[in-house]
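Top to bottom, those sequences are chains W and S.
The opening residue of the first sequence carries number 1 in the numbering used here; numbering runs sequentially from there.
The opening residue of the second sequence carries number 1 in the numbering used here; numbering runs sequentially from there.
What the hints contain is simulated information worked out from the structure, not anything from laboratory work.
Note that the structure is a prediction, hence the values are computed from the model and not measured.
Think of the CB as a built atom: it goes at the ideal place given N, C-alpha and C, for glycine as much as any other residue.
Watch out, some of these pointers could steer you wrong.
[As the list claims (entries may be wrong)] Incomplete in silico selection of chain W near chain S, CB under 10 Å:
(1) 189
(2) 192
(3) 199
(4) 204
(5) 212
(6) 216
(7) 293
[Said to hold, decoys possible] Which residues of chain W face chain S? A few of them, derived with a C-beta cut under 10 Å, are:
(8) 197
(9) 203
(10) 213
(11) 217
(12) 219
(13) 220
(14) 224
Each chain, written out:
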Amino acid sequence: MTKTNDPGGGASPPVAGEAGGAVTLNVIVPPRHPGRWLAVVILALLALQMAQALAVNENFHWGVFWKHLFHPHVLRGVMWTLILTVAAMAVAMFVAISLVVMRDSDNPILRGLAWGWIWFFRGTPIYTQLLFWGLFAVLFPRLSLNLPFGPEIIGVETKWIVTPAMAAVLGLGFNESAYLTEIFRAGFKAIDRGQTEAAEALGMTRTRIWLRILMPQAMRTIIPPTGNETIGMLKMTSLVLAVPFTLDLMFATNAIANRIFLPIPLLMVAAFWYLAITSVLMVGQFWLERHFGRGHDLPATRGLS
Amino acid sequence: MNAVVLQGIHKFYGPSGTGVHALRGIDLTIAKGEVCVAIGPSGSGKSTLLRCINQLETVSAGRVYLDGELQGYTEREGRFHPLPPAKVAAQRRRTGMVFQRFNLFPHMTAAQNIMEGPVQVKGLRRSEAREMALALLARVGLQGLHDRYPNQLSGGQQQRVAIARALAMEPGVMLFDEPTSALDPELVGEVLDVIKDLARSGMTMMLVTHEIGFAREVADHLVFMDQGTLVESGPPRELLANPQNPRTRAFLSKVL
Ligand SMILES: Nc1ncnc2c1ncn2[C@@H]1O[C@H](COP(=O)(O)OP(=O)(O)OP(=O)(O)O)[C@@H](O)[C@H]1O
Ligand SMILES: [Mg+2]
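Please work from the sequences and hints to get the whole structure.
So this is what it looks like as structure tokens:
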């Protein structure tokens with residue numbers, strides 16, 4: 001390990017080499033990039049000009065923006081939007097993993113069910129699905145477990161279970177599961193068949209092979225598109241008005257905007273919070289990618305793969 | 001006692017009876033501590049035979065016994081009842097397999113690769129498994145490389161980790177499927193040395209290889225396969241010096 005570059009310039013000091021002899025390292029002068037500096041200057045000027053144009057423009061009502069940025073209804077909206085995003089993605093991942101296993105199974109009934117689920121939820125608009133979930137309690141007023149043609153064992157009013165929040169989470173989650181399934185499946189398919197065989201040869205059971213060998217490797221290819229989907233979900237939560245669910249960020253800012261007849265600053269408030277949450281999600285994605293990239297993203301030396 | 005007994009093994013790939021007939025009635029026994037080496041042209045069924053021994057493939061006909069126990073099935077009144085997957089997994093612990101392409105787990109370090117079987121399958125404590133992994137790495141000449149990921153190791157080093165991983169399960173039989181075919185020529189020797197050591201230590205092994213010189217050196221028993229059949233077998237020196245079957249002669253004249 002005698003690779004380094006010497007920022008100071010001048011003759012570099014001799015370093016002990018692996019064989020014990022002295023090695024004089026190369027003096028590397030970092031190449032210059034005048035074009036990059038020019039681009040930075042031009043972009044900085046443009047950005048300043050744009051910032052000024054925004055800041056002094058009366059139409060943006062920055063006073064109203066600052067006044068409502070931390071409005072209690074807005075903060076409650078941020079919280080609910082986060083809850084909906086996380087809960088819907090959790091539902092979607094759980095369903096998607098089950099669907100991936102089902103589509104891979106030997107049982108033709110399970111395979112068919114998985115196929116049908118994906119066909120339905122990918123083939124109908126999310127808005128329609130959310131409307132449907134909102135009407136679920138009207139369509140099925142009572143959920144109950146019966147003996148076939150016999151008396152009810154346990155039952156409950158649908159409206160206590162499929163609340164608007166639940167309807168929103170299920171609607172968003174089930175729809176998303178169809179897309180995640182395809183992403184997950186591609187991730188598992190990309191793994192060399194030899195990995196399963198090596199694990200089988202060690203005597204590992206199917207469940208353990210999934211959890212210990214296949215999942216961690218699939219994660220690497222699954223995380224970037226799933227991060228995309230999560231950010232998409234964040235914004236898709238603004239559709240839950242269809243249920244109707246009225247506590248999310250978009251509804252909260254719209255409600256205020258309609259009351260004070262100033263849509264622009266409140267749109268900016270909403271945009272600010274969506275951006276803020278997206279940034280946090282991106283940091284999370286970075287850490288996950290680093291964790292599951294272990295063993296792959298290191299500089300490979302020799303050998304296969 | 002015989003470690004491995006194969007009786008009348010047939011293997012079809014694809015719909016039974018109509019697919020590729022990869023094995024056509026193989027009978028073979030390997031005694032405890034014996035090293036059996038299989039040679040033969042490409043496509044003759046050598047890999048398939050190894051994979052039938054540890055149930056990576058199910059046999060279409062015939063019986064595989066390890067330590068006298070029928071593999072994969074219980075037999076009652078002449079009918080075969082497949083064992084549940086958990087039982088099959090348990091039976092696989094009797095054999096260790098080393099693959100041509102190493103198949104190390106890329107998301108685990110060398111030590112973690114070796115610990116995976118003992119911890120997940122045998123329920124060994126991590127600390128014990130780690131000690132065992134370090135000892136095995138030393139045994140295959142890789143002390144100090146326990147924290148390297150597979151893609152930081154050379155091909156020869158990866159294959160030696162793979163051998164250590166298989167040994168960690170303390171199998172009764174080791175199966176090697178062309179362990180040096182994916183290696184650069186200068187790396188072949190280091191892997192063969194490890195296998196030779198194993199043979200000397202009394203490990204029961206079945207090995208598929210194209211290294212005829214190596215086969216002559218380690219084999220107690222050499223078998224020549226062609227088109228899914230066991231054409232000829234015997235002590236390596238005799239078989240290589242004086243092949244009886246014309247197909248063996250044709251093959252040897254090409255590779256020697
Ligand atoms: N999964 C499979 N599906 C269908 N046919 C297969 C499969 N695996 C192997 N075969 C066929 O079975 C026959 C034996 O293959 P096998 O891999 O056992 O040969 P081999 O002796 O190991 O050859 P090589 O020296 O090239 O590795 C070949 O004709 C091959 O094409
Ligand atoms: Mg082969």
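Structure-based check of each hint:
1. 189: violated (16 Å)
2. 192: At 7 Å from the nearest chain S Cβ, residue 192 of chain W passes the 10 Å test, so the hint holds.
3. 199: This interface hint holds because 8 Å falls under the 10 Å limit.
4. 204: holds (6 Å)
5. 212: holds (6 Å)
6. 216: holds (5 Å)
7. 293: Holds - the Cβ of residue 293 of chain W comes within 10 Å of chain S, reaching about 9 Å at its closest.
8. 197: This hint holds: residue 197 of chain W lies near chain S, its Cβ roughly 6 Å from the closest one there, short of 10 Å.
9. 203: Cβ of residue 203 of chain W sits 4 Å from chain S, so the hint holds.
10. 213: At 6 Å from the nearest chain S Cβ, residue 213 of chain W passes the 10 Å test, so the hint holds.
11. 217: This interface hint holds because 6 Å falls under the 10 Å limit.
12. 219: This hint holds: residue 219 of chain W lies near chain S, its Cβ roughly 9 Å from the closest one there, short of 10 Å.
13. 220: The hint holds - residue 220 of chain W has a Cβ within 10 Å of chain S, the shortest such distance being about 8 Å.
14. 224: Nearest chain S Cβ about 17 Å off; hint violated.
Against the hints set out earlier in the document, violations occur for numbers 1 and 14.
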